[in-house]
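Novice: Residue numbers (our numbering), protein chains in the order written: chain A, 1 to 434; chain B, 1001 to 1297.
Simulated from the structure, these hints should not be mistaken for lab results. Since no wrong hints were added, every one of them can be taken at face value.
Listed next, the in silico BS3-like pairs over lysine-lysine satisfying Cα-Cα at most 27 Å (straight line): (1) B:K1049 - A:K148; (2) B:K1051 - B:K1124; (3) B:K1124 - B:K1292; (4) A:K148 - B:K1124; (5) A:K56 - A:K189; (6) A:K150 - B:K1051; (7) B:K1124 - A:K56; (8) A:K148 - A:K189; (9) B:K1124 - A:K189; (10) A:K150 - B:K1049; (11) B:K1124 - B:K1049; (12) B:K1292 - B:K1024; (13) B:K1124 - A:K150; (14) A:K150 - A:K189; (15) A:K29 - B:K1292; (16) B:K1051 - A:K148; (17) B:K1024 - A:K56; (18) B:K1124 - B:K1024.
Keep in mind it's a predicted model, so treat the numbers as computed, not measured.
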Amino acid sequence: MSSRATPAVLVDGVHKEFRIPEEQVHTLKERVLHPLRRPSHNQFQALRGVSFDVGKGEFFGIVGRNGSGKSTLLKCMAGIYGVDQGRMYVDGRVSTFIELGVGFNLDLPARDNILINATMLGLPSRDARRRVDAVLDFAELHEFVDLKLKNYSSGMLVRLAFSVMIQVDADILLIDEVLAVGDAAFQQKCFDEFARLRRENRTVVLVTHDMGAVERFCDRAMLIERGHVVEIGEPRPVSMHYLQLNFSRDARAAEEAAASGDPDAIAAAAEAASGLRGRNADELRAGDGGAEIVSGWFMNAEGEQVESLDAGERCTFCMHVRFHEDVEEPLFGFALRNNADERIVATDTHKALHGESFHAGEEVIVYFGFENVLAPDRYGVSASVARAGSGDAWLDNRERFRSIIISSTDPSGAVIDPPFHVELQRQVKVQTTS
Amino acid sequence: MSATATEPDVELALPSAEGMREVKGPTALGDDPQRLFRLAWTLATTDFKLKFFGSFLGYLWQLMNPLLLFGVLFLVFSFALNLDEGVRYYPVALLLGIVLFSFLNEATSQAVRSLMTRETLVRKIDFPRLAVPMASVLAATFNLLLNLVPVVVFLLASGATPSWSWLLFVLCIVVLVLFAFGMSMILSVGFVRFRDIEPIWTVILQVLFYASGVFFTVDTIAGQKHGQLLVDIFFCNPFAAILAAARHTLVDGSWTSPTQALSSDWLLVIPVGLVVASLVGGFLLFRALAPKVAEDL
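Isolated chain B (complex conformation) (with noise of 0.2 Å):
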């Protein structure tokens, strides 16, 4: 009786299999895109509902993060350092820019543990892989447009009027969420083999915040020693560029767009390089490490 366990397989003929189907085990997006998006679109009005709690104050208080940032550094750099000196605009182009950069850092900070977060679903249901970092910045997406009314609000009262240009604003909207969405892919697989991506990339934020223009102006840059040098340093970071060419549509054209700024539009190649790369490899490191998410976490 001991023995039984070591007996071999049992051995026994298989009916063919023709006309079913192939098991293929989990992948990036499944074999019905609809299914991915609408899955996406669930998990992310889900967390959306449970942030706000279905109130509208719940919605006020999302408002509040970016506008007391926005109190503090207005306060500090206009008057403090006068870097709002003869600039057009400097308080509502101060608000889009920490707006911009919230929804880049709330998407990526929580795409980074999302396929942790969601452990139980990887473990135990078979769905498209993706649809969990694509939920992050579907949610992230959310509060960045609501974000964005108290900023044409602001625009508005400040004098501007609406123009052609704000259609291309809405071109740089969507190139952010793509970048943001093609670092969501690296970080949320990344993150599954190695832990230490989450403080790394809190870091990379910290920098992106500074170096990205949110409170300064190109022309700053461009004013001192070896100017145009750092100016086309500055711009290879997909996010100043994007800030700045948001500015420049939406807030007031005297805002320097890069393709004013670089030395050469050539040198635009790098920034928009930058976020083409993050979304393909970021979208095959994903497909690659999908199927074995399950089994890593």
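Chain A with its partners taken away, still in its complex shape (with noise of 0.2 Å):
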């Protein structure tokens, strides 16, 4: 794996620590009138020995949730934090973009801007000069040259801070989230300059959430967790194996964590939790308690509980439900909303199953296989078990309760990607009337 000829980043067991003290001993008052209570502190292991590299030319993702590390790693890689342990190397000028627009001033003109930000980025004064045609080139805001920032739309702004971030002259970019940005045609964008970084053979390491541009762009990936590596490798499998991470262990992770009083972890289940968890939090429960819904999965074809499937593969969502009581004729019911909170699969049983009826302590499971026409994305999942009727007379509802991931390496930015069956002919007589 790691035979490539030049490395261009090498990164050898790098251990990174926060002390986050534990009564803030802020001031010098503080200080003087307690000179012998020594401020404790709480460790955070932010890094534990991290290793890797990254060949010359390699577009490198790091993946990781919220509160693993790879934020930190990247900042540490940039030199922003010194390490504790470890060594890391690099082979050529390097550029960190942790943010874009680091630094912009909007009371100053886009001219200032530019050239205070490659002042920042050490580039000497005759270059800067000459970057700034280049940025204003590529943002296309030349007419704009003069005019204050804080008089620019937010469009605007977006476009002249990443085309400060990609006119620079480095071999090495150091890239953590910027996509999160911007709207579909900005992104877009931006994967043609991330395409362009790669034919230039620059070396580029992305620090992203965004699987899909994990898929398309990396040449490998590596996936970390509270601060260790846990895979490096192909983008598919490393992309696949944090989904599963991410969305089955937020919940599990938060309650464990609160549960062990372990600091560290704590901080990292809360970091999780702003950002996932809330989701799971939102799962809205109703229902008369004449049935319960024990639990619900999804099945691949093969039969196997998964968290996430490929797209296009035939799936089954099973709902396993016990009754407390008799009855007659219920419906069962599930439904798929996607991120967007739309409602894309519905349906319920009161066509396949009818004149079943069950009886108080009695335990089944319905299952639901369909074929999988969903776009990627993370679904969030319902089920329901109703009287017979209209379905409104829940015996048990719960909303959310579940998520399924569907991924694909070439999303089509629909909501279905049904199978398609197309054919050509050619040397077809059109029939004129003429």
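Build the complex from these two chains, which are given one at a time in their own frames, with help from the hints.
Specialist: Structure, rendered in structure tokens:
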């Protein structure tokens, strides 16, 4: 795996620890009043022995959940944080982009801002002045060069910021989450630029949550979790691994952390919770308690329980129901909502299963098999059991209590991706009415 | 699947790092001193530009502050208290004192918060950290040079003639700027750890204003009981010594210089030593704490 000839970036056993003071001794007064009280610290191990190398011209992705240490790693590589242990080496000029438009001053016109930014990055003033034109060309903002940034529209600002970032003559680019901002058109431009960087054989290290970007652009990817390297390799397995880790463990991790009292676990879980756990928390449950949906899960075509599926892969949703009273002809239903909260799939059993009755204490599993034409996304799963009739008299109803991830290397951007049958007929004699 | 996260790290043989540059983390100076100065210069000129909005009126406003203070103090001390009795060029010397003190005040007060104000840069870009307090002092120095223009104009208007001793005045200004820079290094990096440094320094500046002879002459103290002892103590304060030397060299030779007033020339070691200590100590402190600034902010 590491047999590539010349590495551009080499990270060898890097440890990074943050000291989080338990009681803030933030003033001299406190220090003087309590000279004997040693400030106590919580240690937060952000990185625990991270090692990897990135070859020259390689596009390398770093993925990981919130709080896993990926951004800290990038800041260490960029030289913004010092490391406690281990060594890092680079070969060539490094440029770091932690955020778009760092150090932009809204009261200054574009020209000054570009100059300042170039100086911050360490360019000599002659090169900096030359860069102004390149940046403005790329951003297509030549006519606004003397306009103060506060009068720019937000779209122009993002364009300028991105162009400042990309028009830099560095051999190694360290990029953190820039794709999170901007509209679809801007993101496309980012992708185009990434493709260009790849052609020019620049080395790029990209920290991201966007598995689509990882799979499309990265030659290799690395998954880190709680400061450890979990996996390095082909983008596809790494991103699948990430998705599994991400969507199945949030809730559990937060609960475990709270129970264990381990401070860095709590910190990691708290960060994760701020991002994703909220979705699990909005589970709504309703029903009169005549039955209980014990659990629900997805199976792939081989009958294995899965958290994620490839687009197009046939799948089955299974729900385990326990009845607490005798129920005649109940309706079982389930629905999938995509990330935009649109209802994509919904069905119930009023046609498929009728005349079935259940008695108290009985437990059943209902299988809903379907052709998976879903577009890649994360889907929230809702399931219900209702009394015979309109389907509104719920015995139990659980909204978004599970999720399933559909992934694809080639997203179409549409809501569904049905299988297509394409034919081509040549030499058509078109009859024209002439 | 749930066990994957706690699996041991991926083992891999790393290639050799031969011929590669080691990433060392942030430092005070960086590896390229030119970059440090260029950066400090750019930051300072930007601040300067922002202040004046590119207009001549902006410059006038900048002058208003010391001139206004001068007007008030002049009225109080010259008409009400008669402090100017028998003193040559009292108004100009007063203005010079105010201008020099304004510089020290501005440079250090800006520097205290400077790392905080530029937090986004510090946390997101790797650059020589020393550029931040250096830029604050540099920006204040630009203002000082502008404010010295009316001082010289007043001086010439009062009938003084340019003399060779003005070259020594330039040296005084250099020492003052270095002293301000030394203090700025200590204050800026100290503020990151101890936030009450700012109010404490404000108080110290107030005391310095009244204790450094901005509006009175050294001879006033010398005339008191235990005058010589008071003068020797008075000149322990580097700013007082610099101010007296500046007046002696620029305004008029009749203004007592520290060497004339001190009981022994050797006592000059104290203020000079303090300036050197602020520079060396400030640099060592800043260099020691610079790598952690991004995390501690």
